[in-house]
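Asks: Sequence:
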Amino acid sequence: MYNFKSTILNLSFVVNKVQQLLLLKRYKSKLVMHCDSNFTTVWDPLQIFNYHTHYKYAVVILNSPLYWKDNTLLQIWKRAQVNVTVDGGTYRWLHYLEEQGIDLLNEDNTEYVPNLITGDMDSCSPLILEKLKSMGSMIIKTPDQDHTDYTKALLQLGQYAKKEDIELNGIYVFADTSGRFDHIMGNINTLYRSDKIIEHVQVIQIANNSLTWVLRPGLHSIIIPKILVENNSWCGLLPIGAPVNSIITTGLKWNLNNATLQFGSLVSSSNTYDNCSEVTINTDSPVIWTMGIEPLQKNTSNYEISQNT
Numbered sequence: 001m002y003n004f005k006s007t008i009l010n011l012s013f014v015v016n017k018v019q020q021l022l023l024l025k026r027y028k029s030k031l032v033m034h035c036d037s038n039f040t041t042v043w044d045p046l047q048i049f050n051y052h053t054h055y056k057y058a059v060v061i062l063n064s065p066l067y068w069k070d071n072t073l074l075q076i077w078k079r080a081q082v083n084v085t086v087d088g089g090t091y092r093w094l095h096y097l098e099e100q101g102i103d104l105l106n107e108d109n110t111e112y113v114p115n116l117i118t119g120d121m122d123s124c125s126p127l128i129l130e131k132l133k134s135m136g137s138m139i140i141k142t143p144d145q146d147h148t149d150y151t152k153a154l155l156q157l158g159q160y161a162k163k164e165d166i167e168l169n170g171i172y173v174f175a176d177t178s179g180r181f182d183h184i185m186g187n188i189n190t191l192y193r194s195d196k197i198i199e200h201v202q203v204i205q206i207a208n209n210s211l212t213w214v215l216r217p218g219l220h221s222i223i224i225p226k227i228l229v230e231n232n233s234w235c236g237l238l239p240i241g242a243p244v245n246s247i248i249t250t251g252l253k254w255n256l257n258n259a260t261l262q263f264g265s266l267v268s269s270s271n272t273y274d275n276c277s278e279v280t281i282n283t284d285s286p287v288i289w290t291m292g293i294e295p296l297q298k299n300t301s302n303y304e305i306s307q308n309t
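By the working numbering, the letter at position 206 of the sequence shown is numbered 206, and the numbering carries on one by one without gaps.
Just so you know, these hints were derived from the structure itself, not from any lab. As the structure is a computational prediction, the values presented were derived from the model and not from experiment. Be careful, since some hints might not be right.
As the list claims (entries may be wrong) - Pairs of lysine-lysine, BS3-like flavour, derived with a Cα cap of 27 Å:
1. Lys-56 <-> Lys-196
2. Lys-131 <-> Lys-78
3. Lys-141 <-> Lys-226
4. Lys-78 <-> Lys-163
5. Lys-141 <-> Lys-78
6. Lys-226 <-> Lys-69
7. Lys-162 <-> Lys-78
8. Lys-162 <-> Lys-131
9. Lys-163 <-> Lys-131
I would like the entire structure built from these sequences, with the hints used as guidance.
Replies: Here is the structure:
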């Protein structure tokens, strides 16, 4: 005898699984980084500017200029689970807000008050620190000169998130790439070591004209916004710290085919995209990926945010 009840239950199970898979696909489509069923790490940098992202992240502002002319940075700040300013980065944030017509020290603007302020505090007024402390900031002095303020900020952020039971998928570090070369390389060194400083959390450095992060060994897929392809925006792969013995790419104008990257020999700088919306990178060693975002940054206000851009 045919068991209609069993068939209906089985069909219901299949429908539920399909619905779950569709929901998961929709959820992952709003993540900056996730792993697919083929164990490929998929990156979608456009989601950094997506006001409806499901990505759980922290913001860290270092002591470098904030060249953001619209409200993009404000929106990224307001969506963060934790916000941190690092020593002189507190002044940078205060001045940036002033340019937007916002008084950080006004009691009505508590949404812009950082959760954490870290550093050796040699670049920040004690009066401002006391005011922000009274408005809810936790002030953590980190005088240890064996590590940079950036490194110490990641350490303190990790401890804070654990204490407050805050889940983080990523950290957006606002750090301009102009100015002192030793500071720039110090920041890259911290980025390179970030997985040892705060485990299982991806750190992405954001400048007004670029994004930079570390690709760990394995296969990666980077979704390239259409506007960057159309504008022949630059990108690069840099073997900071140690040689990359084997790297294979697709989607670049100058692809690498089982190449070795090493300073003093081959590095992939000033590359661009081969009229392609996806770049794949298979690497046997950690490598820095950096990409220009000037056209994207100039148009983020139009994107809120078009998934086909």
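Asks: Check each numbered hint against the structure and report the violated ones by number, ascending.
Replies: 3
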